[in-house]
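Student: These are the residues of each chain, in order.
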Amino acid sequence: MKPLLKLTDVNSYYGKIHALNNINIEIYEGEIVALLGSNGAGKSTTLKTISSIIRPKSGQIEWNGKNIVGVPPHKIVESGIIHIPEGRRIFSGLTIIENLELGAFTFRKDKKWIKEGIERSFDLFPRLKERSKQLAGTLSGGEQQMLAISRGLMGNPKLLMLDEPSMGLAPIIVQEIMRIIKEINEQGTTILLIEQNAKAALRLANRGYLIEIGNIVMHDSAEVLREDDKIIKAYLGA
Amino acid sequence: MEIFFQVLIDGLVIGAFYSLIALGYTMVYGIIKLLNFAHGDLYMIGAFVGFTLLSLFTGDGGVNTGILGLGVVFIGTMIIVGFLGMGIERIAYRPLLLAPRLSILITAIGVSLSLEYSSMIGWGASYKVYPIKLPNDGIQLLGTQISFAQMGMIVLSALLMLGLRLFIDKTIYGKAMRAIALDQTACSLMGVNVHRIIALTFFIGAFLAAGAGIMSGIYYGTINFLMGFTIGLKAFTAAVLGGIGNITGAMLGGLVLGILEAFGTFYMGGSWKDVLAFGILILFLVFKPTGILGAKEMERM
Ligand SMILES: Nc1ncnc2c1ncn2[C@@H]1O[C@H](COP(=O)(O)OP(=O)(O)OP(=O)(O)O)[C@@H](O)[C@H]1O
Ligand SMILES: [Mg+2]
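Sequence lines, in order, name chains A and B. Position 143 (the first sequence) corresponds to 143 in the UniProt record's numbering; numbering is contiguous. Position 146 (the second sequence) corresponds to 146 in the UniProt record's numbering; numbering is contiguous.
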């Protein structure tokens with residue numbers, strides 16, 4: 001089977017800072033893949049490189065067999081890769097509904113899709129429904145994350161990339177978010193998940209990659225990573 | 001009392017011009033934080049393109065252009081100048097999007113001078129008499145004579161502003177504009193072609209300024225290649241007055257400024273007009289830089 005997304009020897013920089021060093025990652029259709037690593041390791045940079053927010057200096061990113069390096073971000077979204085960025089980045093001065101509508105920007109001519117998408121979001125997160133006309137900035141952190149996920153789904157992703165969706169949330173909300181991610185995956189969306197909470201991530205994922213100062217230092221199935229001494233010590237808390 | 005309403009109507013008409021121009025200032029500032037000091041010149045170009053179209057339209061210099069012909073001239077001019085605004089963004093500002101603020105501000109001044117002096121070369125340096133004469137008749141209202149021309153201008157301006165407000169609030173492109181003002185990167189991640197939406201913003205700003213340009217040509221009767229300079233600063237004042245970045249604020253700021261100016265001129269004499277306007281600008285910049293509608297509303301375009 002061919003990978004859905006394949007990064008080959010990708011190098012990304014911020015000015016002189018070499019943030020990704022010959023990164024190789026493969027993601028197959030239907031998987032949940034976890035990307036683990038400590039602060040500043042290069043996790044977010046990996047997602048930003050895939051979604052074309054930053055352009056890699058060298059290397060290849062193949063999506064369905066086609067090289068997508070240099071394709072502008074809005075085209076990447078159109079092609080089915082959706083990146084829910086770190087810190088949620090919801091539009092605080094717009095209403096919940098408007099946020100969702102913007103999530104469906106690439107489907108802006110398809111009124112039916114937008115209407116159904118909004119209903120689906122509200123089924124997934126009933127709390128958003130009660131607040132649908134409120135400005136998104138008035139939502140709690142957990143609700144904002146729910147909105148960010150729903151907004152991402154409005155673009156009909158084949159691959160959904162989530163950057164620390166559980167950051168700063170209470171354990172019970174984290175559980176709910178993880179359950180939803182699982183559900184999204186079961187409905188056919190491939191997932192690339194960044195998590196500080198490695199325990200939760202490896203419970204959910206099929207496979208995982210470990211990144212340290214810009215290098216992929218380990219990749220294996222989630223079962224193996226869960227038992228690995230190094231991972232246990234550094235990320236799972238002994 | 002008659003005088004009062006006469007002055008008020010005059011202030012409303014001029015205020016409407018300020019509002020229409022202030023909108024372009026405020027939208028561009030809202031979306032890319034650029035003070036487009038060339039914006040007043042798009043109003044001037046609007047007046048001149050309208051002048052040329054009117055002259056072409058009827059061999060006799062446009063005097064007998066009907067309401068339909070006038071409509072065509074308005075729409076044609078506004079679209080042409082709209083594309084000019086878009087072209088300016090593409091050529092002068094987009095390459096500098098990541099450059100320091102100061103470079104782009106200086107570029108805006110350069111663009112302003114280029115527009116002014118190419119208009120001078122194209123249309124000449126002297127005052128041009130606008131090739132249209134609207135009938136003076138109108139109606140009596142509250143003891144004041146209001147001409148159909150004045151009413152037409154107030155109504156047209158109101159319609160344009162209402163249309164804009166609906167566009168910004170209700171269409172997906174308007175929502176994208178407000179979203180870009182908040183977070184450009186997040187917009188790209190939603191599949192929004194950010195450059196396109198910025199270009200659209202420039203188009204709309206120039207479109208509205210051009211409408212004001214033709215109206216002022218008709219209203220004052222003469223136009224000149226430097227006419228955009230002072231009014232550009234006035235419109236900037238109006239935008240600051242209403243809260244820069246805020247659409248409703250720009251509409252309100254323009255009207256307030258126009259009316260204050262009209263009364264100031266009436267009671268203190270015409271030579272104090274600009275002093276009054278720029279005095280207001282300075283007071284607001286010092287004491288309430290967020291404008292009438294305040295900081296909270298600033299987030300929303
Ligand atoms: N905009 C930027 N400009 C300069 N350097 C940056 C920028 N963003 C990230 N970096 C640097 O690149 C490296 C990788 O950062 P990245 O954000 O990818 O880390 P991360 O693994 O997502 O960390 P965290 O868990 O804290 O989110 C870090 O050394 C960081 O300081
Ligand atoms: Mg990160």
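Because the hints were derived from the structure by calculation, they are not lab data. Do not take every clue at face value.
Unchecked claim - Below are the BS3-like pairs computed for lysine-lysine, each with C-alpha atoms no more than 25 Å apart in a straight line:
#1 A:K111 to A:K133
#2 B:K288 to A:K112
#3 A:K199 to A:K230
#4 A:K133 to A:K158
#5 A:K115 to A:K6
#6 A:K66 to A:K129
#7 A:K111 to B:K170
#8 A:K109 to A:K57
#9 A:K75 to A:K109
#10 A:K133 to A:K75
#11 A:K115 to B:K170
#12 A:K2 to A:K199
#13 A:K109 to B:K170
#14 A:K133 to B:K170
#15 A:K66 to A:K6
#16 A:K115 to A:K2
#17 B:K170 to A:K129
Student: All hints are to be evaluated individually against the structure, with a verdict given for each.
Tutor: Here is how each hint holds up against the structure:
Restraint check for A:K111 and A:K133: satisfied, since their Cα atoms lie roughly 19 Å apart, inside the 25 Å limit. For a cut-off of 25 Å, the pair hint linking B:K288 to A:K112 is broken: about 45 Å separates their Cα positions. Proposed proximity of A:K199 and A:K230 is supported: the alpha carbons are some 13 Å apart, at most 25 Å. Distance check on the hinted pair: A:K133 and A:K158 sit about 29 Å apart at the alpha-carbon level, beyond 25 Å; violated.
Restraint check for A:K115 and A:K6: the C-alpha separation of about 34 Å exceeds 25 Å, so the hint is violated. Of the supplied pair hints, the one linking A:K66 and A:K129 is violated, its CA atoms being roughly 39 Å apart against a limit of 25 Å. Restraint check for A:K111 and B:K170: the C-alpha separation of about 14 Å stays at or below 25 Å, so the hint holds. With a C-alpha separation of about 36 Å, the suggested pair A:K109 and A:K57 falls outside the 25 Å cut-off, and the hint is violated.
Distance restraint check for A:K75 and A:K109: the Cα-Cα separation of roughly 16 Å lies within the 25 Å cut-off, and the hinted pair is therefore satisfied. Proximity of A:K133 to A:K75 is assessed by CA-CA distance (about 30 Å); at most 25 Å being required, the pair is judged violated. Proposed proximity of A:K115 and B:K170 is supported: the alpha carbons are some 15 Å apart, at most 25 Å. Between A:K2 and A:K199 the alpha-carbon distance is near 29 Å, which puts this suggested pair outside the 25 Å criterion.
This hinted pair checks out: A:K109 and B:K170 have alpha carbons roughly 14 Å apart, not beyond 25 Å. Between A:K133 and B:K170, the direct Cα distance comes to roughly 14 Å. Compliance with the 25 Å bound is thereby established for this hinted pair. With a C-alpha separation of about 10 Å, the suggested pairing of A:K66 with A:K6 holds against the 25 Å cut-off. This hinted pair does not check out: A:K115 and A:K2 have alpha carbons roughly 35 Å apart, beyond 25 Å.
This hinted pair checks out: B:K170 and A:K129 have alpha carbons roughly 20 Å apart, not beyond 25 Å.
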